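Asks: What follows is each chain in one-letter form.
There are 2 protein chains.
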Amino acid sequence: MHTIINRRDLDFLVFELLDAASLIERPRHADHSLDTFAAALDTAQAIATDHFAPHNRRSDEHEPQFDGQRVTLIPEVKAALRAYCDAGMLAASHDYTLGGMQLPSLLAQACSSLFKSANAATTSYPGLTLGNANVIHRFGTEAQKRRYLSSLLSGRFFGTMALTEPQAGSSLADIKTTATPNADGSYSIVGQKIFISAGDHELSENIVHLVLAKIPGGPPGVKGISLFIVPKRRVDDDGQVGEPNDVALAGLIHKMGWRGTTSTMLSFGEHGQCRGELVGEPHKGLSYMFHMMNEARIGVGLGAVMLGYRGYLASLAYARERPQGRSPSARDPQTPQQLLIEHADVRRMLLAQKAYVEGGYALCLYAARLVDDQKTGPDESTRRDAAALLDLLTPVVKSWPSQWCLEANSLAIQVHGGYGYTREYPVEQFYRDNRLNPIHEGTHGIQALDLLGRKAQMDQGATVALLAHRMQSTIDAAAALPELQGEARALQAALADVEQTLAVLRPVLAEDSERGLANASVFLEAFGHTVVAWIWLRQAVIASRALPTAEGADADFYRGKLHACRWFFGWELPRTQAQHALLRRLDDTPLTMATDWF
Amino acid sequence: MHTIINRRDLDFLVFELLDAASLIERPRHADHSLDTFAAALDTAQAIATDHFAPHNRRSDEHEPQFDGQRVTLIPEVKAALRAYCDAGMLAASHDYTLGGMQLPSLLAQACSSLFKSANAATTSYPGLTLGNANVIHRFGTEAQKRRYLSSLLSGRFFGTMALTEPQAGSSLADIKTTATPNADGSYSIVGQKIFISAGDHELSENIVHLVLAKIPGGPPGVKGISLFIVPKRRVDDDGQVGEPNDVALAGLIHKMGWRGTTSTMLSFGEHGQCRGELVGEPHKGLSYMFHMMNEARIGVGLGAVMLGYRGYLASLAYARERPQGRSPSARDPQTPQQLLIEHADVRRMLLAQKAYVEGGYALCLYAARLVDDQKTGPDESTRRDAAALLDLLTPVVKSWPSQWCLEANSLAIQVHGGYGYTREYPVEQFYRDNRLNPIHEGTHGIQALDLLGRKAQMDQGATVALLAHRMQSTIDAAAALPELQGEARALQAALADVEQTLAVLRPVLAEDSERGLANASVFLEAFGHTVVAWIWLRQAVIASRALPTAEGADADFYRGKLHACRWFFGWELPRTQAQHALLRRLDDTPLTMATDWF
Numbered sequence: 001m002h003t004i005i006n007r008r009d010l011d012f013l014v015f016e017l018l019d020a021a022s023l024i025e026r027p028r029h030a031d032h033s034l035d036t037f038a039a040a041l042d043t044a045q046a047i048a049t050d051h052f053a054p055h056n057r058r059s060d061e062h063e064p065q066f067d068g069q070r071v072t073l074i075p076e077v078k079a080a081l082r083a084y085c086d087a088g089m090l091a092a093s094h095d096y097t098l099g100g101m102q103l104p105s106l107l108a109q110a111c112s113s114l115f116k117s118a119n120a121a122t123t124s125y126p127g128l129t130l131g132n133a134n135v136i137h138r139f140g141t142e143a144q145k146r147r148y149l150s151s152l153l154s155g156r157f158f159g160t161m162a163l164t165e166p167q168a169g170s171s172l173a174d175i176k177t178t179a180t181p182n183a184d185g186s187y188s189i190v191g192q193k194i195f196i197s198a199g200d201h202e203l204s205e206n207i208v209h210l211v212l213a214k215i216p217g218g219p220p221g222v223k224g225i226s227l228f229i230v231p232k233r234r235v236d237d238d239g240q241v242g243e244p245n246d247v248a249l250a251g252l253i254h255k256m257g258w259r260g261t262t263s264t265m266l267s268f269g270e271h272g273q274c275r276g277e278l279v280g281e282p283h284k285g286l287s288y289m290f291h292m293m294n295e296a297r298i299g300v301g302l303g304a305v306m307l308g309y310r311g312y313l314a315s316l317a318y319a320r321e322r323p324q325g326r327s328p329s330a331r332d333p334q335t336p337q338q339l340l341i342e343h344a345d346v347r348r349m350l351l352a353q354k355a356y357v358e359g360g361y362a363l364c365l366y367a368a369r370l371v372d373d374q375k376t377g378p379d380e381s382t383r384r385d386a387a388a389l390l391d392l393l394t395p396v397v398k399s400w401p402s403q404w405c406l407e408a409n410s411l412a413i414q415v416h417g418g419y420g421y422t423r424e425y426p427v428e429q430f431y432r433d434n435r436l437n438p439i440h441e442g443t444h445g446i447q448a449l450d451l452l453g454r455k456a457q458m459d460q461g462a463t464v465a466l467l468a469h470r471m472q473s474t475i476d477a478a479a480a481l482p483e484l485q486g487e488a489r490a491l492q493a494a495l496a497d498v499e500q501t502l503a504v505l506r507p508v509l510a511e512d513s514e515r516g517l518a519n520a521s522v523f524l525e526a527f528g529h530t531v532v533a534w535i536w537l538r539q540a541v542i543a544s545r546a547l548p549t550a551e552g553a554d555a556d557f558y559r560g561k562l563h564a565c566r567w568f569f570g571w572e573l574p575r576t577q578a579q580h581a582l583l584r585r586l587d588d589t590p591l592t593m594a595t596d597w598f
Numbered sequence: 001m002h003t004i005i006n007r008r009d010l011d012f013l014v015f016e017l018l019d020a021a022s023l024i025e026r027p028r029h030a031d032h033s034l035d036t037f038a039a040a041l042d043t044a045q046a047i048a049t050d051h052f053a054p055h056n057r058r059s060d061e062h063e064p065q066f067d068g069q070r071v072t073l074i075p076e077v078k079a080a081l082r083a084y085c086d087a088g089m090l091a092a093s094h095d096y097t098l099g100g101m102q103l104p105s106l107l108a109q110a111c112s113s114l115f116k117s118a119n120a121a122t123t124s125y126p127g128l129t130l131g132n133a134n135v136i137h138r139f140g141t142e143a144q145k146r147r148y149l150s151s152l153l154s155g156r157f158f159g160t161m162a163l164t165e166p167q168a169g170s171s172l173a174d175i176k177t178t179a180t181p182n183a184d185g186s187y188s189i190v191g192q193k194i195f196i197s198a199g200d201h202e203l204s205e206n207i208v209h210l211v212l213a214k215i216p217g218g219p220p221g222v223k224g225i226s227l228f229i230v231p232k233r234r235v236d237d238d239g240q241v242g243e244p245n246d247v248a249l250a251g252l253i254h255k256m257g258w259r260g261t262t263s264t265m266l267s268f269g270e271h272g273q274c275r276g277e278l279v280g281e282p283h284k285g286l287s288y289m290f291h292m293m294n295e296a297r298i299g300v301g302l303g304a305v306m307l308g309y310r311g312y313l314a315s316l317a318y319a320r321e322r323p324q325g326r327s328p329s330a331r332d333p334q335t336p337q338q339l340l341i342e343h344a345d346v347r348r349m350l351l352a353q354k355a356y357v358e359g360g361y362a363l364c365l366y367a368a369r370l371v372d373d374q375k376t377g378p379d380e381s382t383r384r385d386a387a388a389l390l391d392l393l394t395p396v397v398k399s400w401p402s403q404w405c406l407e408a409n410s411l412a413i414q415v416h417g418g419y420g421y422t423r424e425y426p427v428e429q430f431y432r433d434n435r436l437n438p439i440h441e442g443t444h445g446i447q448a449l450d451l452l453g454r455k456a457q458m459d460q461g462a463t464v465a466l467l468a469h470r471m472q473s474t475i476d477a478a479a480a481l482p483e484l485q486g487e488a489r490a491l492q493a494a495l496a497d498v499e500q501t502l503a504v505l506r507p508v509l510a511e512d513s514e515r516g517l518a519n520a521s522v523f524l525e526a527f528g529h530t531v532v533a534w535i536w537l538r539q540a541v542i543a544s545r546a547l548p549t550a551e552g553a554d555a556d557f558y559r560g561k562l563h564a565c566r567w568f569f570g571w572e573l574p575r576t577q578a579q580h581a582l583l584r585r586l587d588d589t590p591l592t593m594a595t596d597w598f
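For the protein sequence lines, the chains are A and Z, in the order given. Heads up: the first sequence is residues 1 to 598, going by the UniProt record's numbering. Heads up: the second sequence is residues 1 to 598, going by the UniProt record's numbering.
Excised from the complex, chain A in its bound form:
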């Protein structure tokens, strides 16, 4: 009924492209096998299909309600999350000692992707909880871990990240929430937060907010931001939940999509009774939060992919069964109508979706594999390189799917024609849901500044060179395969374009960052398309090698991969040429547009 994934594709990415088998050799995952990996995916797919997908439309139609006392969600959400937590999905990648499964990040994210595909809104609750738990796991004291961690990982408590304030938005330097030290070592928290997802509900026994606040007297700007654990209800040393902690719901925010996730305005310490616990050292909150944020950004990218993926599958199924019109060469109106999928333009829209969503999926799972290599890689250089690549690619992993898998959702509507615009079909919701992704966890523009202003210049460009080296290996492999020589040459040229553009921009960035960064979002897009072309070429190399011995549906699958790669190189990669030209001539049209000329 609810087709949430092409499992053949997921298995290809996890086992063929990203070589999950090699992870079994690592001590942390020694108890695992290809069978346990497959079993985890099977379990996730079953729970997602049976418990998450069925209420996706209903939770959109019945937004969370606040009656002044409590927030009510449709009951299916709690039931689904119970099944999720009972299956151990929250702690999938955590230690056995914490009740986890010690799955590699690659597998944990692959499982997560299935829930995101089934129901983006319901999956937000555990997603935020896990991000929260990971920060406490990494930076919390033993006492904090005792109080919060196992409750978070079991789903007894849910978590949030409370960064944004009404007056500050993306500019965290300007937050005003204060944390004043008390004699007992706790802090009194006072302030307002906005757009806090999962900020209030009755899905769990407690809600643990991770709050950015300023300790009075600290340095100005981002260097004076500290991080606090602020539970909705206080928690004693044994983890028992006690009295309310003066965290009030100031209101629910009503959104275009993603309606099943409560989005809240929260008021901390209205009555001076809100207590927080400092995480780590004072004034270092932003670096801790970025630990969570970087994970969250991969999560956003993957979420954008899965909304796109779901729309692709829905429009593909529709195009395979809906007769509509005839080919331009068919002159006889009495011949039967052909299926939508037989029209060239519909095929274009399906192929574009396939290229966007499967390309984005491979990119996000590659990022998850980098997390594994960073954490459990066999040697120091593997771990260091993986960390650097992950850092460089995070803005792309967050932004590229948010842009192009949203475009996929638009194409899914278009394939459905008028029906796609109605709420009788699922694709309009995917489109509305996905429009959030270019905004939250750092907008497109913020990601662009991060990529060009920071990441692309890290280590005097050594990380870009490392990525180029990885790309070169793929280019060389593709060049040895007759059917991929054209794509190998095209990626070589695209890579040279990126390097040449960076060579032009670097001195400008050093001299006049305003000018150098003015077109950062164009660089993000050109760089992103080049990275995804590389990811596609990696898939095509594997498909090309596997095809000679493949049969039946397997052979069709590999041919589809090769064809989608060809489409991406023929239809998408050439976009970057005009972008590089614009970047290299240091186009200043937006910069020199006077405010009064609008």
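In case anyone wonders, no lab produced these hints; they're calculated from the structure. Given the structure is predicted, the values throughout are model-derived calculations rather than measurements. Ideal Cβ positions, reconstructed from N, Cα and C, are used throughout, including at glycine. All the pointers check out, no bait thrown in.
If we take Cβ atoms under 7 Å as the criterion, some of the chain Z residues that face chain A in the derived model are: (1) H254; (2) M256; (3) A344; (4) L350; (5) Y421; (6) R423; (7) E514; (8) G560; (9) H563; (10) G570.
Starting from the known structure of chain A, fit chain Z onto it as the hints suggest.
Replies: Below, chain Z without anything else, positioned relative to chain A:
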């Protein structure tokens, strides 16, 4: 409160770019003056602002309801339409003898644009009514005109166009509704229609459906389609409304956006009692309907523009007042935050919106001016040329704004950040509303086939040559202005690209239409961008000439036009190069993607 237009821009387009003054010289408009034109715009702007804009959000939140007996809308809709009809807006361009104002199409569409900007959904009702009236005016008998026309033009009756059927969608050849002749000259109508906008309501005394149906025994396919007037309640010779005509509402359709317009499934003749009147001759219904459809397509393009325009104005106002962050070169976090509009990337998003919406606006009003030249041009060649250009450009006028002004709406959300995604701000509704436009009145793909398969080949390419000739005049004028020489060269090259691509495609189209049309949507986009670049250059030539003697806000306005033109040429037109390369190599990737490879 509700800023629905930059009136300076509208006046520029109507009076400076499209020379409304010259229309006063024509006999049909001899009673008019620049003052009466301005008064019409003032009236429209006032009614749109005061009566249409205020309930735009409310009619989105409170969709039409059907209780099994009647369809209920929020009362503001009827009140607004009463004000609209009372001001004579419905009949604005019609004859004095019909109660009209004999305004040129240019002015009537300019007035209409203000209502579309204020409230797309409410404006649909008179929009459809006018399209309906125009068909009866042109093709109806005197008796039909007597019964229906003045009632439609006064707003006593409202109208619809009932084409689409559930099994046929875009493929009108496959409609099944039948019209069986009765002894009294009437026809018995039996069939189902879907997606009929304004198909039921209680806003008017009657609803007049224009229905496509097949007379049994007629030719198959589109050559057997006839057009019928089918009122909801029967109308006697004096125009009095009588008994119901067996037209039943089978259900309302719930959409992603544009929710204030009832979208209906209608059942005709369930009890064998539905009577229709043939319009014109049997089997010629499609050509009559295309008369209405071509007008409707311009209306769709203009509607898409205005949704984009409204979002642009909203995001511009927001960016001018919202402080957020600092420039990349500002290192001191204690300096005040700067306004959003001061950020280069925000300026890029505003400039892109300006280029899309003002470019699209100029394009649509140019089409309206072509309607004038076609109808009232001083000589035969003016009228013939205008008709040909209008025919060629209609797919672009419909599609280009539907694509790019939707993109503008996405940028308007992005400028607002998280707030833009909430229903507290208007921009998310504009985005949802605008997503309809690439679908209805012929999808993007249908427009592409119309352009490349038919229009671009009309008269052995003479119409394309005529357009090229017009463009050449603008290129020559721009080349004489030092600040526009670069743009003149760029348009010259883009025009040559179109011609060269057509030279490659024409023999393929003649030989293998399937192959030749496979990438028609890419051609539509490349051609559309070239046309809009031309429209921008025309605006820039006027601005450049006016600037030396302009002062203050006027000078800023012209500088803004020049800068937006520069942006379009620098950032948008270069996209077409990769598109032409794809078209000329006859890329067949979508065509050769096997169904089983997806």
